[in-house]
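Q: Each chain, written out:
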Amino acid sequence: MSILHIVNKSPYEKSSLYTAVDFVKDSDVVLLIEDAVYAAARGGKAAEKLSGLDISVLGADLAARGIGEDKLIDGVSVVDYAGFVDLVKAKDSTQSWL
Amino acid sequence: MSILHIVNKSPYEKSSLYTAVDFVKDSDVVLLIEDAVYAAARGGKAAEKLSGLDISVLGADLAARGIGEDKLIDGVSVVDYAGFVDLVKAKDSTQSWL
Amino acid sequence: MKLTIQVNEGPYQHQAADSAYNFAKAALAKGHEIFRVFFYHDGVNNGTRLTTPPQDDRHAVDRWSELAREYELDLVLCVAAAQRRGIVDDGEAERNGKDATNIADGFRISGLGQLIEGAVQSDRLVVFGD
Amino acid sequence: MKLTIQVNEGPYQHQAADSAYNFAKAALAKGHEIFRVFFYHDGVNNGTRLTTPPQDDRHAVDRWSELAREYELDLVLCVAAAQRRGIVDDGEAERNGKDATNIADGFRISGLGQLIEGAVQSDRLVVFGD
Amino acid sequence: MSDVKKLMYVNRRAPYGTIYAWESLEVVLIGAAFDQDVSLAFLDDGVYQLTKGQNTEDTGMKNFSATYAALGDYEVTKIYVEKDSLDERGLLLDDLQHLVWEDEDEDWAEKDSIRLVSRAELADLMADQDIMFNF
Amino acid sequence: MSDVKKLMYVNRRAPYGTIYAWESLEVVLIGAAFDQDVSLAFLDDGVYQLTKGQNTEDTGMKNFSATYAALGDYEVTKIYVEKDSLDERGLLLDDLQHLVWEDEDEDWAEKDSIRLVSRAELADLMADQDIMFNF
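Chains as they are written, first to last, in the numbering used here: chain A, 645 to 742; chain B, 645 to 742; chain C, -13 to 116; chain D, -13 to 116; chain E, 1123 to 1257; chain F, 1123 to 1257.
No wet-lab data here; the hints were simulated from the structure. Backbone N, C-alpha and C fix where the C-beta goes; we use that ideal spot for every residue, glycine too. One thing to keep in mind: the hints can contain errors.
[Said to hold, decoys possible] Result set (DSS-like, lysine-lysine): computed pairs, CA atoms no more than 30 Å apart in a straight line: (1) A:K669 / A:K715; (2) F:K1127 / B:K733; (3) A:K689 / F:K1127; (4) E:K1200 / E:K1174; (5) A:K733 / A:K715; (6) F:K1127 / D:K16; (7) F:K1205 / A:K715; (8) A:K689 / E:K1205; (9) E:K1174 / A:K669.
[To be verified] From the structure, some residues in chain B lie toward chain F, with a derived Cβ separation under 7 Å: (10) T663; (11) F667; (12) K669; (13) S695; (14) L697; (15) L716; (16) D718; (17) S721.
Whenever a hint applies, use it, and build me the whole structure from the sequences.
A: Written out as structure tokens, the structure reads:
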């Protein structure tokens, strides 16, 4: 079964993202919301942790933090809240790495 | 002037302790309270970050977490709340690394 | 899809409370059913009617009440968490000898079983917290 | 030594509220003066009288009230933070049209200037938070 | 019993610094009445919840650590502890409480509740759950 | 002026994820009336508070980023940004708002408020403070 991993904390402040990525399987998606969206910014040290994973980022939270889509690492999908809902439906369960 | 650096977060969960130690000067003391007391447990990966620093640990918080004084790294002082107050007085200012 | 949403943090202090609201609204707009929103830990602080945010800011409590009215949502505050944080309805006020209540319109106080039941009865549980 | 203590988190959720209380009690026992305890952010939730913790647990609000009575402490809740979280005294209830109050004995609501003043007037500021 | 779901409570926080550990244990106790397939996972700072010898007296906080030993009586018998988290913190299995349950099918034989697992094994277990509770 | 103290507001949190950034900015604005020697430090995730182009519309939250530009009018002119924190996050000074103040003593010449500092320099500045505010 597939999991939607939801991460909401900055990787520079908390270890949640680093733990979460250890639990991601091929069929899973990682959704970055709130302060976790900083992880997907190009040039940041946390970005490398995301390579090879299926990553989505909440657009509303990117915009709030002034991160243009041109500043994201390659391969991430930007979704709105409706897309967040779709991801919850598309996967069999959700896990929030608080 | 000297600073009492107060850290209250687990070094395994948050980056506060790692930042704090970069700002500690020779005349300063680092006081570990709440979940930060885990940093002073022998054998933990965070313990090495404390070497060479003047470290105090709040005894009440050690006991709550089941950490016997025999399990602490060498050279740390265990204080009670009265000792916490004394440290605040002994240093010129305090900085809480929240 | 039938959803239960869990909210672990209070309004304003953590964005978790905002994220939960925005997610709930989007799910309802897409026609999904929200079986229950369960407020746990400091999340119970979303259910006080005594809040007065600045006029140029969102009203984190009222918008839950309005969403509940529009979609007949079941907004449940955990009783044990509410007692620790001082969120009180008429029944709690009487039981615990309190001289006031502060629960907001559209919320009710109930037990933790409501969280488990919600999770088991729903297709998905989505948790928002710190 | 004259102290001002700042508390950034509410009761029970974070130990910060306990640490602040234990520190204050120890400082007073040693004969130091506490000029003010300033509750900011979710810290204002320490000042509600509607709390009913389990009987075998500490009462995080009442013990502040008791300490204030014993030592004539000045316990100040930030007004802007209190409005966002729904902590209300008589004046705030009237100003904002609220039908109830929930402030606990020994606390008062005032502005952020009280924090700055406390810090400047004291020998030390000690901050407890998350 | 097609309506039995697999529920996992995922514990990643230290006790006392925040209330999450204690209030999530309250969920587990209430949830035991629902006759679901329940397991608990402890990883990251969550492993600290199970340490022996906790004494909260001088903090004034409530000590809830004895409650973990009661989980067996609530038929909560699958307690997964993630090994990397122990290692990183310098903890041994022996630093944790010895949690047991009694197996009705084997004449109430006492069995260990704690199962040490790797991250990969825990990931497999998570992938198999219907519901994960996060606090 | 022996009663003027050195106050530093230490900002280490990202905006929006929590309210600390916003409510601590409120303290700075109120504190400006107290005629003390004020400075602001931004390090760790605190450097994110100053980024350009913040647009909170789709989150429903209040956008307070414009307030930083008003700090100069409140005579808050010393804003220290720690360089290692920028580097680690892949940020350049140019990603931050251009904050300025007008120097009364030099015919209201516009000057930069932001001063890039190393960790060692910021540590020296902290050691020199009477009071540090932490949120």
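Q: Each hint should be assessed against the structure and marked as holding or not.
A: Status of each hint after checking the structure:
A hinted pair counts as satisfied when its Cα atoms are at most 30 Å apart, and K669 (chain A) with K715 (chain A) qualifies at roughly 26 Å. A threshold of 30 Å between alpha carbons decides the hint, and for K1127 (chain F) with K733 (chain B) the separation of about 18 Å falls inside it, so the pair holds. Our distance criterion of 30 Å between C-alpha atoms is broken by K689 (chain A) and K1127 (chain F), whose separation comes to about 38 Å. A threshold of 30 Å between alpha carbons decides the hint, and for K1200 (chain E) with K1174 (chain E) the separation of about 19 Å falls inside it, so the pair holds.
The suggested pairing of K733 (chain A) with K715 (chain A) holds, with an alpha-carbon distance near 28 Å, which does not exceed 30 Å. As the CA atoms of K1127 (chain F) and K16 (chain D) are separated by approximately 26 Å, the hinted pair is consistent with the 30 Å bound. Distance hint between K1205 (chain F) and K715 (chain A) is fulfilled; the C-alpha atoms sit about 20 Å from each other, no more than 30 Å. For the proposed pair K689 (chain A) and K1205 (chain E), the alpha carbon gap of about 27 Å is at most 30 Å, so the pair holds.
Our distance criterion of 30 Å between C-alpha atoms is broken by K1174 (chain E) and K669 (chain A), whose separation comes to about 34 Å. Taken as an interface hint, T663 (chain B) checks out: its beta carbon lies about 6 Å from the nearest beta carbon of chain F, inside 7 Å. About 5 Å separates the beta-carbon of F667 (chain B) from the nearest beta-carbon of chain F, less than 7 Å, and the hint is met. Using the Cβ-Cβ criterion of 7 Å, the hint placing K669 (chain B) at the interface with chain F is satisfied: the shortest such distance is roughly 6 Å.
Given the 7 Å rule on beta carbons, the hint for S695 (chain B) is violated: about 18 Å separates it from the nearest Cβ of chain F. Interface hint status for L697 (chain B): violated, as the beta-carbon distance to the closest one in chain F is roughly 13 Å, over 7 Å. The interface hint given for L716 (chain B) is violated, since its Cβ lies 26 Å from the closest Cβ of chain F, which is over the 7 Å cut-off. With 7 Å as the threshold, the beta carbon of D718 (chain B) stays out of range of chain F, its nearest partner Cβ sitting at about 26 Å, so the hint is violated.
A hinted interface residue such as S721 (chain B) counts as satisfied when its beta carbon comes closer than 7 Å to some beta carbon of chain F; here the least separation is about 22 Å, so the hint is violated.
The structure fails hints 3, 9, 13, 14, 15, 16 and 17 (numbered hints given earlier, in ascending order).
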